[in-house]
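**Student:** Each chain, written out:
There are 4 protein chains.
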Amino acid sequence: MSQDYIKTSEMLNSLRVFFEENIPFNKVLGLQVVSLDMENICIRIDMKESLIGNPVKKILHGGVISSVLDVTGGIVAMAGVVEQMEGRSIEDVSRRLLKIGTIDLRIDYLRPGEGEYFLATGTIMRTGQKVSVVRMQFHNDKERLIAAGTGTYIIG
Amino acid sequence: MSQDYIKTSEMLNSLRVFFEENIPFNKVLGLQVVSLDMENICIRIDMKESLIGNPVKKILHGGVISSVLDVTGGIVAMAGVVEQMEGRSIEDVSRRLLKIGTIDLRIDYLRPGEGEYFLATGTIMRTGQKVSVVRMQFHNDKERLIAAGTGTYIIG
Amino acid sequence: MSQDYIKTSEMLNSLRVFFEENIPFNKVLGLQVVSLDMENICIRIDMKESLIGNPVKKILHGGVISSVLDVTGGIVAMAGVVEQMEGRSIEDVSRRLLKIGTIDLRIDYLRPGEGEYFLATGTIMRTGQKVSVVRMQFHNDKERLIAAGTGTYIIG
Amino acid sequence: MSQDYIKTSEMLNSLRVFFEENIPFNKVLGLQVVSLDMENICIRIDMKESLIGNPVKKILHGGVISSVLDVTGGIVAMAGVVEQMEGRSIEDVSRRLLKIGTIDLRIDYLRPGEGEYFLATGTIMRTGQKVSVVRMQFHNDKERLIAAGTGTYIIG
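Chains as they are written, first to last, in the numbering used here: chain A, 1 to 156; chain B, 1 to 156; chain C, 1 to 156; chain D, 1 to 156.
Since the hints were derived computationally from the structure, they do not count as laboratory data.
Hints may be right or wrong, so weigh each one.
If chains are identical, the list can't say which one is meant, so a pair holds when it fits in one copy or spans any two.
[To be verified] Listed below are the simulated DSBU-like cross-link pairs for lysine-lysine, each with C-alpha atoms no more than 30 angstroms apart in a straight line:
{"hint": "1", "residue 1": "Lys142", "residue 2": "Lys27"}
{"hint": "2", "residue 1": "Lys27", "residue 2": "Lys57"}
{"hint": "3", "residue 1": "Lys99", "residue 2": "Lys48"}
{"hint": "4", "residue 1": "Lys48", "residue 2": "Lys27"}
{"hint": "5", "residue 1": "Lys142", "residue 2": "Lys57"}
{"hint": "6", "residue 1": "Lys48", "residue 2": "Lys7"}
{"hint": "7", "residue 1": "Lys99", "residue 2": "Lys7"}
{"hint": "8", "residue 1": "Lys58", "residue 2": "Lys7"}
{"hint": "9", "residue 1": "Lys130", "residue 2": "Lys57"}
{"hint": "10", "residue 1": "Lys142", "residue 2": "Lys58"}
{"hint": "11", "residue 1": "Lys58", "residue 2": "Lys27"}
{"hint": "12", "residue 1": "Lys58", "residue 2": "Lys99"}
Just so we're clear, the structure is a prediction, and the values are computed from it rather than from any experiment.
Sequences are here, hints too, so could you generate the full structure?
**Tutor:** Structure representation (structure tokens):
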């Protein structure tokens, strides 16, 4: 196993810890990073009372869905940068990751947010030198597509 | 003061109470309806630790911003329906309001979410029979534009 | 072969003729419907001088791309309605198709529009009673993804 | 009148000529730059047979609207860069303008595109070092708002 490969997986692992434990609003959401490697990025949240947006229908608040999809897209954009910078020092990569931010976001709300848990995934559509574009999906525990999104992220 | 006018303002007041007190995730956000009449709709949130998205820069999580703008656009769309249905029974109006939901949302993140409090406003661009389109703004306590958005809402 | 199936394929065929021959701006674009059945919808345009947006780089105008993706999403939404109404009279289906229109559109420009020809495809994400959401892709003759989009269409 | 001011207005004037005369698809649209200075940017197109999208209702093709709004937003972003670089050489400014491109675009279709002519305007929401965000409007000859849009442009 090469030194670079170790660095990449270590970098992704520290990203995971950072997103789950160091960002206060992610803890409010109960955001869990289920998998985070170059091939597969998956974020999970569990339904709980505080995330409800419609007290009659007991469904997720739309803002919970947009929050999770924004984070998911950001992590996918970050993983793309980590891959692009393979072999560079951890300091260089960290400095670049700190500059990443959402430029804009589109969310399509397709079905009511019903379920006991939800999984968000994302696919990179373009990693440039300055901007990445990611498409995201948000499924419930019955594998129904609840929402979809597209995010544009500044990466350099 | 006409009976209809009373109904409209009462309807808007009960909307205010509903959004502030009955929606669990709005309470997590600390969402306050500062004003809600036909001319002026303004939503406020105060900065607090749990809403932070970047622990180094101490700025709002992007998901907080998208959540507040989605709610703001929804309330603006609802007020448009209340106005459109002036003179109809409170039951008719309530039934219609319950069907309102976000179809899609675009958020533009323009500047870092720094401030002690934030105000969100919205302007209706179109109220049709089926769909409303609203443009939203999110300013900080220095009146700097932090984010802008556009939401499409199903209203009938 | 059932009577209904004949109606569906006939309906789709007349849609094809309508989009290629009866819409003036589609003729300006040189829009061709390569395939239009329930499983596969594909639109083609060929590069020509009049569609250029950058005279130095000789690439497609962004507006050509957004135009083709809007039409593609509209046809996908229409095919979804035709499928939903299988077995209904051609008059009912036609009346419903005439009401279909774009509510909003997001286009992501991913790479320069270089190529001799381009293919646009779309996938329906949701067909409701009132609104359909479609994701579209725009590839060049080297199968490179040039642009992607999401469209929301009013369908009833 | 300062030398720099002359340069700025000259630069904007050559932009106007470039957009009207050197871009083939803009000529297909019949795009006219009505005004282009730092305070006011206005683009006009006239209705003509070839721009029609619905042969029964005789209204503009949605792609014409998205094309004009994309160009309008791009010109507003360019003017922002010209202002930002006031006092720099024409070569520096030109080199920077050549790099400007649309990252993504949202269009909201609010009303049917009926009219004898149409005017598009735009307001810059943010000019950063790398990205500009512009909101655009598209009105008809009766000053009715036909469509609105938001564009994100790479500027450096």
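**Student:** Confirm or reject each hint.
**Tutor:** Hints, verified against the model:
1. Lys142 x Lys27: For Lys142 and Lys27, both the intra-copy (24 angstroms) and inter-copy (28 angstroms) Cα distances are at most 30 angstroms.
2. Lys27 x Lys57: both (24 angstroms within a copy, 17 angstroms between copies)
3. Lys99 x Lys48: So Lys99 and Lys48 pass the 30 angstroms test across copies only (23 angstroms; inside, 32 angstroms).
4. Lys48 x Lys27: Close inside one copy (13 angstroms) and across copies (14 angstroms); limit 30 angstroms.
5. Lys142 x Lys57: within (17 angstroms within a copy, 38 angstroms between copies)
6. Lys48 x Lys7: neither (36 angstroms within a copy, 35 angstroms between copies)
7. Lys99 x Lys7: within (20 angstroms within a copy, 34 angstroms between copies)
8. Lys58 x Lys7: For Lys58 and Lys7, the Cα distance is within 30 angstroms only across copies (28 angstroms; inside one copy 43 angstroms).
9. Lys130 x Lys57: Between. Shortest inter-copy distance 21 angstroms satisfies the 30 angstroms Cα cut-off; intra-copy 42 angstroms does not.
10. Lys142 x Lys58: within (16 angstroms within a copy, 37 angstroms between copies)
11. Lys58 x Lys27: both (21 angstroms within a copy, 15 angstroms between copies)
12. Lys58 x Lys99: between (37 angstroms within a copy, 15 angstroms between copies)
Checked against the numbered hints listed earlier, the structure breaks hint 6 alone; every other hint is satisfied.
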